[in-house]
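Could you build all of it, start to finish, from the sequences and the hints given here?
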Amino acid sequence: SAVSPQTFQSISEHFCQIIIILLRHANLVQYLGMCCTEQEDSIVVNLLVEHVGGSNLGAVLRARDPVPVDRLRHYATQLLSVLDYLHSNSVVHKVLSANRVLLDSHGNLRLTDYSIAKRLGTPVNDFPVTV
Numbered sequence: 461s462a463v464s465p466q467t468f469q470s471i472s473e474h475f476c477q478i479i480i481i482l483l484r485h486a487n488l489v490q491y492l493g494m495c496c497t498e499q500e501d502s503i504v505v506n507l508l509v510e511h512v513g514g515s516n517l518g519a520v521l522r523a524r525d526p527v528p529v530d531r532l533r534h535y536a537t538q539l540l541s542v543l544d545y546l547h548s549n550s551v552v553h554k555v556l557s558a559n560r561v562l563l564d565s566h567g568n569l570r571l572t573d574y575s576i577a578k579r580l581g582t583p584v585n586d587f588p589v590t591v
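In terms of the numbering used here, the sequence shown is numbered consecutively and its last residue is 591.
One thing to keep in mind: the hints can contain errors.
Only pairs whose alpha carbons sit at most 25 Å apart, straight line, appear in this in silico SDA-like list of lysine to any residue [stated by the list, open to error]: (1) Lys554 with Arg484; (2) Lys554 with Ala486; (3) Lys554 with Leu517; (4) Lys554 with Leu540; (5) Lys554 with Pro528; (6) Lys554 with Pro526; (7) Lys554 with Met494.
Per label pair, the in silico range of CB-to-CB distance [what the hints assert, rightly or not]: (8) Asp501 with Val552: 27 to 37 Å; (9) Asp530 with Cys496: 42 to 52 Å; (10) Arg531 with Met494: 33 to 43 Å; (11) Leu492 with Leu521: 25 to 35 Å; (12) Gln499 with Asn568: 34 to 44 Å; (13) Ala536 with Gln499: 22 to 32 Å; (14) Ser502 with Ser541: 31 to 41 Å.
Think of the hints as simulated: they come from the structure by calculation, not from any bench. In this text, all values refer to a predicted model and were calculated from it rather than measured experimentally. C-beta: ideal position from N, C-alpha, C; glycine also.
Here is the structure:
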């Protein structure tokens, strides 16, 4: 039996969310799980993520004091590492900006702020994941 476009979209979105939950990297905000609730004719999926205390990279870069070159190298290395990890898992961060990169209490970068791309008509095994 055929699946309606709405059902396919829903299945695709849930599939993407499951993939994101399985991703693990030291510089990636970790997803801890999800909880689903029904609302009218749909299911709402809420993703639970770890809390990362600290600031974001945008605030650090806008501060009056210049960031030392060694610290910038540290940030760049960590950012490239997490992006390489995501890309090797066929995941692309959709809207990367300094404000979407958190700094934990140890001064390490933690990439966050995921959003799922909605794609219709793509076979499930070829479905690109976008965060």
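Hints, one by one, checked against the model:
1. Simply put, Lys554 and Arg484 have alpha-carbon atoms about 18 Å apart, close enough for the 25 Å limit, and the pair holds.
2. Only pairs whose Cα atoms come within 25 Å are accepted, and Lys554 paired with Ala486 is accepted, the gap being roughly 20 Å.
3. Pair hint Lys554 plus Leu517 holds up; C-alpha atoms about 17 Å apart against a cutoff of 25 Å.
4. For the given pair, Lys554 sits about 15 Å from Leu540 by alpha-carbon distance, which is consistent with the 25 Å threshold.
5. Distance hint between Lys554 and Pro528 is unfulfilled; the C-alpha atoms sit about 29 Å from each other, more than 25 Å.
6. For the proposed pair Lys554 and Pro526, the alpha carbon gap of about 28 Å is over 25 Å, so the pair is violated.
7. At roughly 21 Å between alpha-carbon atoms, Lys554 and Met494 fall within 25 Å of each other, so this suggested pair holds.
8. A hinted range of 27 to 37 Å holds for the C-beta pair Asp501 and Val552, which are about 30 Å apart.
9. Taken as a hint, the range 42 to 52 Å holds for the pair Asp530 and Cys496, whose Cβ atoms sit roughly 45 Å apart.
10. With their beta carbons about 35 Å apart, Arg531 and Met494 fall inside the hinted range of 33 to 43 Å.
11. In this structure the hint that Leu492 and Leu521 lie 25 to 35 Å apart at CB holds, the actual value being about 29 Å.
12. At about 37 Å, the beta-carbon gap between Gln499 and Asn568 stays in the expected band of 34 to 44 Å.
13. A beta carbon spacing of about 42 Å between Ala536 and Gln499 contradicts the range 22 to 32 Å that was offered as a hint.
14. As the Cβ distance of Ser502 to Ser541 is approximately 37 Å, the hint placing it in 31 to 41 Å holds.
Checked against the numbered hints given earlier, the structure breaks hints 5, 6 and 13 and satisfies all the rest.
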